[in-house]
Amino acid sequence: MTAALLLPAGLAALAALLLPLLIHLARRTEVAPIDFAALRWLQQQPRPRQRIRFDEWFLLAVRLLLLALLALWLAQPVLRGSADMTPWVAVVPGADVRAARAVAGARAVWLAPGFPALEQDDLPIRAAASVSSLLRELDADMPPGVALTVFVPAVIAGDGERPRLSRRVNWRIVGGVMPEAAARAPMALTVVGDGGGLRYMRAAAMAWAPPGRPANFAVADPAASLPPLDRRLVWLAPGPLPAAVRDWVRRGGTLLLGAGIVADARMTPVWRDSVGAPIIEGATDGQGRVLRFARVLAPAAMPDLLDGDFPLRLAALLGSRTEPARVAAADHAPLPGGPTPADAARDLRPWLALLIAALLLGERWLATARRRALAA
Amino acid sequence: MTQDLIPAGVRTRLRGLRLMTRRATRLAGIGAHHSRSRGAGLEFAQYRAYEPGDEPRAIDWKLFARSDRFFVREAERESPLVAWVMIDCSASMAQADRAKPTWSRLAAAKALAAAIGEIAMAQGDSVAMVALRDRGLRLLPPGGGRRQRDRMAIELHGLVAVGGFPAAATLAPLWERVAVDHLVIMVSDLFDDAAVALIERLAAAGRDVRAIQMLTVEERDFAFASGHLFRDPETGAELIGDGPALRDGFRQRFAAARAKLRQRLAASDIRLADYVLDETIDVPLRALFSAPA
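First to last, the protein sequences are chains A and B. Residue numbers for the first sequence follow my numbering, beginning at 1 and rising by one. Residue numbers for the second sequence follow my numbering, beginning at 377 and rising by one.
There could be a bad hint or two in this list.
Claimed, not checked - Derived, one-sided and incomplete: chain A residues facing chain B with beta-carbon distance under 8 Å:
#, residue
1, PRO33
2, ILE34
3, ASP35
4, PHE36
5, ALA38
6, LEU39
7, TRP41
8, LEU42
9, GLN43
10, PRO113
Hint data in this document are derived by calculation from the structure and do not stem from the laboratory. Each residue gets a CB set at the ideal place from its N, CA and C atoms; glycine is no exception.
My request is simple: use the sequences and hints to build the entire structure.
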């Protein structure tokens, strides 16, 4: 645990300590002269004492301390290494919890978004997050030098590369299986509008569906009520965009417009073809996103429509996630040598401010009490 | 009178005091001064109505024959005693103790003067006053009775202590007014050599001179605990010094100076009494006017 100053130049304010000292000495010489008619019988000391004398030294000390603390406050003191050095144990969901629970004196968490405590048995299975990503997050959150033990099942979801962490990780492979994320329904698409582009949209939706399952695809009337926010809306109907649709986007919907439909947001190309001409441009609007085909949905204008990867590219743009990769845990042990996370230093200024305020009150009390004693 | 000059409680203690000159003391027994009876004198003053208790022989029988009433013939007694109160009004008299800033030497001197006036009035003597100011003396000619007492009180109230001790030329009118055999009571701190010289000359010229030296408590005790800037109110000289360091030397020299003064005044046959500001004002009067041993 080391204290440090973020702004040592603030200590220059310590020069202000001279101020009360000088004022004190200056005020002391400013004594009211005493009328003394028998002065001729007073004899000057042969050597007048030039001793520096401090009256009310306690009050002076409090004032000096107050100034010193203010200077220290300006220098922004922090306390490093005050962090909790308890070792951590992280358990990948699905791994055998018993081994992890057996580790005593450690902080045990699930290696899941938010790092819930291990005591929580019924871990809500969210979309299976990447173990690598979570490991990097945990590594960055932990103070340096804290030991980390990770219990993993044999097969985990990674994101390709072996994670590189700032510390060595005790990588323990135990039994169990990492749960699948909730069965992923294919992306739902609602198309409003003309028949020209409709077939390509339907084809894309069918391409997204897993084999043997129907496409989640609907055609709606422009006047019909808008679909829920998790469905992608493709608006191919000509004419101005209804205000309701704009609201729907701003509430968080994802909207794909046909070519030439005017949207509020400023669009930038998000997908260009091989010659660099934009195919789809997009922008965020409120909580949601607006995309627009730059060209008419016809193979003549947009040859990419007929490409085999058109549905995939479109899905990527409309926000479909990539499936996390599955890797054998033994091959995915993190490597050391990653960037060391910045140590979170504890800012001491609020405490110092409290101390200064208390000292100021004390100083005032002392000063006024002295005055009262003098006046009495 | 807005305020009484004489502090409370002192008036009763003044009752036993009598102003006496050396001469009167010396002549005690012959009775020139001690007689208070009015009718006994030679110079006619007034008639007054007879009151029971008057001696029958004091009745003016001729007047009774004319007016069929009893009148008592009163004569002005020759007053053998004129008491001059000389108050030093130099700036040093304004000095007071820090513990009691209103009770300055001058305030005490005023109280003493009023007390002397009171005593003089009680014994039927005349009292006169002179304020020794460097910008001109302020004289109250001798007189007696309540009116004189009130005049004196008015004069006293107007006195302030500023400036230095008057020069010899300023003091000249004094010699015309203060007659031989008058009683002179000098109320001063007597720090100024001119003041001592004045009373010495008065004494040498046949006046009966008494002096009351007014001292502050701080001069007697020098109880300054810390460093101070001391300033002479008359010369303006200043001295910075530490109280405890200066104390012993000052007290020693000051006591020596006072002893020397006492000796010097004794050589001129001047009785000296000290008055320190924490005493009651009858203390110096008692010292001066008690019967000598």
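Structure-based check of all given hints:
1. PRO33: Status holds, d = 4 Å.
2. ILE34: A/ILE34 check passes; min Cβ-Cβ to chain B is 5 Å, inside 8 Å.
3. ASP35: holds, 5 Å
4. PHE36: With a minimum Cβ separation of about 4 Å from chain B (threshold 8 Å), the hint on A/PHE36 holds.
5. ALA38: This interface hint holds because 5 Å falls under the 8 Å limit.
6. LEU39: Holds, because the Cβ-Cβ distance from A/LEU39 to chain B comes to roughly 4 Å (cut-off 8 Å).
7. TRP41: holds, 4 Å
8. LEU42: holds, 5 Å
9. GLN43: Because about 5 Å separates A/GLN43 from the closest Cβ in chain B, which is inside the 8 Å limit, the hint holds.
10. PRO113: violated, 73 Å
When held up to the earlier numbered hints, the structure conflicts with hint 10 and nothing else.
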